[in-house]
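> Chain by chain, the residues run as shown.
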Amino acid sequence: MYLYDEIDQRLVDERVAQYRDQTRRFLAGKLSEDEFRALRLRNGLYIQKHAPMLRVAIPYGLLASRQLRMLAHIAGTYDRGYGHFSTRQNIQFNWPKLEDVPEILAELATVQMHAIQTSGNSVRNITTDHFAGVARDEIVDSFVWCEVIRQWSTFNPEFSYLPRKFKIAVNGALADRAATQVHDIGLHAVRDANGEVGFRVLVGGGLGRTPIIGHVIREFLPWRHLLTYLDAILRVYNRHGRRDNIHKARIKILMKERGPEKFREEVEAEWRHLKDGPATLISEEITRIDARFTRPSYARLPATDAGLEAALAADRAFANWHRRNVDPHKVPGYAAVTLSLKKTGVAPGDVTAEQMDRIADLADRYSFEELRVSHEQNLILADVRLSDLRALWREARSLGLATPNIGLLTNIICCPGGDFCSLANAVSIPVAEAIQRRFDDLDYLHDIGELDLNISGCMNACGHHHVGHIGILGVDKNGEEWYQIEIGGNQGTTPFPLLGKEGVPQSGGGGAALGKVIGPSFARDDVPDVIERLIECYLTHRDSEHERFIDVVRRIGIEPFKEYVYGNADQRASHRRRQLAAA
Amino acid sequence: MATLIKERRIVADNWRLLEPDATEAPAAGDVIVPLALWQAQRAQLLTRAGRLGVRLEPSEDPAAIADDVGLFGVVAVNFPKFGDGRGYSTARLLRERYGYKGELRAIGDVLRDHLSFMAGCGFDAFALRDDQDPQDALAAFDDFTEAYQASVERPLPLFRRRALASPDGMEWS
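Each protein sequence line maps, in turn, to chains A and B.
First residue of the first sequence? That's 1 in our numbering, and the numbers climb one at a time after it.
First residue of the second sequence? That's 1 in our numbering, and the numbers climb one at a time after it.
Hints were generated in silico from the structure; no laboratory data involved.
Keep in mind that the hints are not guaranteed to be accurate.
To be verified - Computed cross-link-like contacts, EDC-like style, restricted to lysine to aspartate or glutamate with a CA-CA straight-line distance of at most 16 Å:
1. B/Lys81 x A/Asp34
2. A/Lys30 x B/Asp131
3. B/Lys81 x A/Glu33
4. A/Lys248 x B/Asp131
Said to hold, decoys possible - Using C-beta positions, here's what the derived DEER-type ranges look like:
5. A/Ala310 x B/Ala165: 55 to 63 Å
6. A/Arg191 x B/Asp109: 42 to 50 Å
7. A/Pro332 x B/Pro155: 44 to 52 Å
8. B/Gly50 x A/Gly29: 36 to 44 Å
9. B/Gln44 x A/Glu33: 56 to 64 Å
10. A/Glu480 x B/Arg8: 25 to 33 Å
11. B/Arg8 x A/Asn478: 28 to 36 Å
12. A/Ala28 x B/Glu146: 44 to 52 Å
Note that CB positions come from ideal geometry on N, CA and C, so glycine has one too.
Required output: the full structure, derived from the provided sequences and hints.
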């Protein structure tokens with residue numbers, strides 16, 4: 001956990017005072033709706049369908065148990081007793097009162113938290129790999145670099161009114177677990193031949209209504225130049241990004257209109273002026289930030305645990321959970337545990353205040369008082385002893401947080417959708433729930449294997465539907481909710497062959513890919529049927545259980561799936577009748 | 001007439017600001033002309049009585065006056081809407097790349113809550129929008145007492161100033 005120093009704390013406290021005064025002026029009629037809008041947004045406050053929505057920053061997804069307790073307190077005191085973890089590793093409260101927000105921010109500041117730049121046309125929360133610092137394939141600890149960038153981006157005077165929001169993701173491992181190819185800027189840590197750390201710089205990726213995979217504009221940027229290079233990219237964007245049309249204002253459009261090569265030249269030309277200037281990083285600063293992170297004091301443990309092995313052999317339910325929700329750790333004797341927030345019947349990413357308190361207890365007892373939020377909207381206890389796994393599993397199960405579905409179809413990424421969001425064309429949470437109910441049989445779910453299913457309620461794509469193996473998009477047709485289905489998307493794992501958990505090569509890891517629409521949209525009630533048809537088609541075609549859904553789509557293309565879904569209407573009807581009969 | 005804050009004080013403003021489409025400058029008096037007029041009538045403007053300033057719109061490249069910055073008493077950067085942040089980059093370029101040392105004035109939709117960002121980018125004069133409370137605006141400069149980044153106000157980023165203050169000294173680049 002990064003611990004604030006006096007200046008970090010002072011800036012957050014000053015922000016609370018500033019925002020308190022802005023709210024006061026707004027309520028007193030001294031600030032127009034429009035002017036206050038820009039100010040409240042860069043403090044995470046939206047006015048939504050039912051009430052304001054407050055988005056609190058969880059920088060790079062790293063959270064201390066005392067902070068989670070504060071979030072529980074806020075959910076219980078100012079909201080309706082729950083919060084929603086978002087795909088940007090933040091948390092959202094859906095029912096706070098506008099006039100309470102200054103007080104909420106003051107309470108957050110007491111645990112080194114804030115809502116700075118969680119919305120608005122500014123640099124947003126920096127996201128990263130939820131296994132940073134513990135992954136076996138680590139190149140650098142990306143948290144340190146995320147904090148360097150967080151400080152650079154916080155209240156950056158030049159880049160506070162960009163053409164549009166700006167999202168940066170950092171990946172510090174071989175595998176890309178931070179979806180860097182679909183960010184405005186993606187940074188991959190790499191080492192050169194001398195072992196010096198640098199970054200591969202990708203620009204112009206993004207989802208939304210124009211999904212684009214980012215372009216590499218620099219293969220190796222030595223770490224000292226990180227901030228001057230970011231300054232150069234942001235300056236080119238701030239000056240030349242489109243401001244005439246909100247839908248064309250992201251950096252990906254500038255990049256597309258200029259062409260990647262021309263864009264790269266402009267950035268490099270700007271950088272020549274900034275390179276080696278005062279914003280050039282120094283090793284003292286990296287050391288200083290690194291030292292402000294608390295680190296777990298790991299015990300020296302054997303790499304295996306006999307008790308765990310015995311429990312895995314004896315208890316199938318535990319073994320299922322272990323297989324899906326436990327990941328290897330770089331320190332012998334430890335593992336990273338994912339608490340699933342994707343239980344059927346609960347909106348994906350939602351947690352109650354009581355659960356938050358109990359999860360904080362689990363973090364205290366089992367994982368050095370820390371946890372992480374993943375962009376897949378789950379919580380991670382990253383440093384659990386192998387010998388504690390069974391006890392932790394039992395407790396997590398009693399809290400409803402041990403659904404063994406990580407990486408599987410029911411681990412759905414889902415935006416709040418039409419139930420909450422004023423932008424949405426259609427609901428998404430009820431669709432997720434209907435699919436989860438359809439695939440409630442665990443054996444079947446595990447047999448289907450790894451599959452990312454993502455749902456967005458509109459083309460703004462907060463649910464990352466373009467990069468789901470199956471992506472579902474809510475669309476509006478004459479005031480009715482319809483759902484378009486894509487297959488073949490991928491959030492991108494790695495350009496390198498990597499061994500999976502059981503030593504099996506993760507076939508077709510590959511980079512990020514965007515899904516293709518399979519055909520005309522469906523009514524809401526038909527969506528679970530369509531998903532089931534896609535799965536049946538996959539199971540018919542896969543050559544072994546190691547060939548995942550996405551691998552089959554890549555191998556045979558989308559046509560066979562299309563035919564299977566649309567081809568035979570009679571078959572579909574009879575299938576539905578069979579199901580009704582069985583129900 | 002808009003209140004002018006300069007170097008954190010409310011001051012009288014003797015400059016006449018021309019509109020972006022103005023095609024001629026008055027014969028005398030201090031005047032701020034649009035870039036196009038400066039480019040079209042450079043010689044005439046330099047011989048008229050009174051001081052001269054130029055105004056830049058968000059889309060206008062400050063490189064266009066890079067060689068002339070010593071000739072102006074004011075460079076005014078327009079913010080037609082407060083949400084259009086191009087003027088922030090324009091200001092930094094004028095100060096840091098083109099070496100402009102004179103009055104750098106924010107004009108247009110200049111609101112209390114953006115003054116500290118503007119000051120960070122090198123503005124030292126602010127023609128407040130008419131409805132802004134000048135006393136309230138003066139307080140805005142103290143909203144934040146520190147900043148992380150290198151800026152015109154603080155040429156060294158916080159991390160270098162920290163390193164300077166530390167007993168081990170610091171390493172450059």
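> Do A/Glu480 and B/Arg8 keep their Cβ atoms within the hinted range of 25 to 33 Å?
With a Cβ separation near 58 Å, A/Glu480 and B/Arg8 fall outside 25 to 33 Å, so the hint is violated.
> If you draw a straight line from the CA of A/Lys30 to the CA of B/Asp131, is it 16 Å or shorter?
Judged against 16 Å, a Cα distance of about 9 Å means the pair holds.
> Straight-line Cα separation of B/Lys81 and A/Asp34 no greater than 16 Å?
Satisfied, since the Cα-Cα distance of roughly 11 Å is no more than 16 Å.
> For the hint 55 to 63 Å, verify it against the beta carbon of A/Ala310 and that of B/Ala165.
57 Å, holds
> Using the C-beta atoms of B/Gln44 and A/Glu33, is the stated range 56 to 64 Å upheld?
46 Å, violated
> Are the Cα positions of A/Lys248 and B/Asp131 separated by 16 Å at most?
Since the Cα atoms of A/Lys248 and B/Asp131 sit roughly 32 Å apart, the hinted pair is violated (cutoff 16 Å).
> For the hint 42 to 50 Å, verify it against the beta carbon of A/Arg191 and that of B/Asp109.
Given a distance of about 47 Å, which is inside 42 to 50 Å, the answer is holds.
> Is B/Lys81 within 16 Å of A/Glu33, Cα to Cα?
Within the cut-off at roughly 15 Å; holds.
> Could you check the hint for me, namely that A/Pro332 and B/Pro155 are 44 to 52 Å apart, CB to CB?
48 Å, holds
> When you take the CB atoms of B/Arg8 and A/Asn478, is the distance between them in 28 to 36 Å?
Violated: the Cβ-Cβ distance is about 58 Å, outside 28 to 36 Å.
> Should the hint that A/Ala28 and B/Glu146 are 44 to 52 Å apart at their CB atoms be regarded as holding?
Hint violated: Cβ distance 29 Å, outside 44 to 52 Å.
> For B/Gly50 and A/Gly29, compare the CB-CB distance with the range 36 to 44 Å and indicate the outcome.
With a Cβ separation near 41 Å, B/Gly50 and A/Gly29 satisfy 36 to 44 Å, so the hint holds.
Hint violations for this structure: numbers 4, 9, 10, 11 and 12, all remaining hints satisfied.
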